[in-house]
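Residue numbers (this note's numbering), protein chains in the order written: chain A, 4 to 116; chain G, 391 to 503.
Because the hints were derived from the structure by calculation, they are not lab data.
Check the hints yourself; a few may be wrong.
[As the list claims (entries may be wrong)] Derived DSBU-like pairs: lysine-lysine, alpha-carbon spacing no greater than 35 Å straight-line: (1) A:60 <-> G:502; (2) G:463 <-> A:60; (3) G:502 <-> G:463; (4) G:468 <-> G:502; (5) G:460 <-> G:502; (6) G:468 <-> G:445; (7) A:16 <-> A:60; (8) G:445 <-> G:463; (9) G:468 <-> A:60; (10) G:460 <-> G:445; (11) A:60 <-> G:460.
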Amino acid sequence: KAGVTQTPRYLIKTRGQQVTLSCSPISGHRSVSWYQQTPGQGLQFLFEYFSETQRNKGNFPGRFSGRQFSNSRSEMNVSTLELGDSALYLCASTTDSSSYEQYFGPGTRLTVT
Amino acid sequence: AQTVTQSQPEMSVQEAETVTLSCTYDTSENNYYLFWYKQPPSRQMILVIRQEAYKQQNATENRFSVNFQKAAKSFSLKISDSQLGDTAMYFCACMEYGNKLVFGAGTILRVKS
């Protein structure tokens, strides 16, 4: 089985712009979670989607949003980018079975200048 | 609120020796899951081991084992016969529900030859 894929892998944006990141889960996985990783704040949960519905949301401003499509692929969008949004964005997928094991993608490195 | 604490920012171990990484957590739930993830320099998050809180038996995966002390809310990772490829950042994480992982700050482990 192919692993979780994320595109693009690297991205450079300017303050005030918006960005869309994509995540394709492992085939058969219906849950996709997003995390932000920064040196200062560590790994923080952004949100989780299951069957096209947001089930959980972390403590991030409304500039961060996401969605999930019927094929379980997910996108996250950040509007009005700030310097502090520079981070590694990781997505993870799971079957939502009792194992709750999440499998991570390689991440998208976002740099905001 | 759910919190995870890793008190060892960095550790080092000689190849072939054993090392233990510490983790404590706080949760008000009785049912939850605990994980150790490894993040090598490639930044790919890899699941190392998983423990269900309702299971008293400590989880083991080859050279990796945990010491789960539920009453003390402690979840340490033991790596036996350390290998150079074990060099990575190790994250302890807790999941109460909804595929939301709460991570500790991480421990950098360096295996020396």
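Hints versus structure:
Between residue 60 (chain A) and residue 502 (chain G), the direct Cα distance comes to roughly 40 Å. Violation of the 35 Å bound is thereby established for this hinted pair. For the hint linking residue 463 (chain G) to residue 60 (chain A), the alpha-carbon distance of about 25 Å falls within 35 Å, and the restraint holds. For a cut-off of 35 Å, the pair hint linking residue 502 (chain G) to residue 463 (chain G) stands: about 31 Å separates their Cα positions. At roughly 17 Å between alpha-carbon atoms, residue 468 (chain G) and residue 502 (chain G) fall within 35 Å of each other, so this suggested pair holds.
About 32 Å separates the Cα atoms of residue 460 (chain G) and residue 502 (chain G), which keeps this hinted pair within 35 Å; it holds. Distance hint between residue 468 (chain G) and residue 445 (chain G) is fulfilled; the C-alpha atoms sit about 18 Å from each other, no more than 35 Å. Restraint check for residue 16 (chain A) and residue 60 (chain A): satisfied, since their Cα atoms lie roughly 25 Å apart, inside the 35 Å limit. A C-alpha spacing of about 14 Å is found between residue 445 (chain G) and residue 463 (chain G), which places the hinted pair at or below 35 Å, so the restraint holds.
As the CA atoms of residue 468 (chain G) and residue 60 (chain A) are separated by approximately 33 Å, the hinted pair is consistent with the 35 Å bound. At most 35 Å may separate the alpha-carbon atoms for a hinted pair to count; residue 460 (chain G) and residue 445 (chain G) meet this at roughly 10 Å. For the given pair, residue 60 (chain A) sits about 27 Å from residue 460 (chain G) by alpha-carbon distance, which is consistent with the 35 Å threshold.
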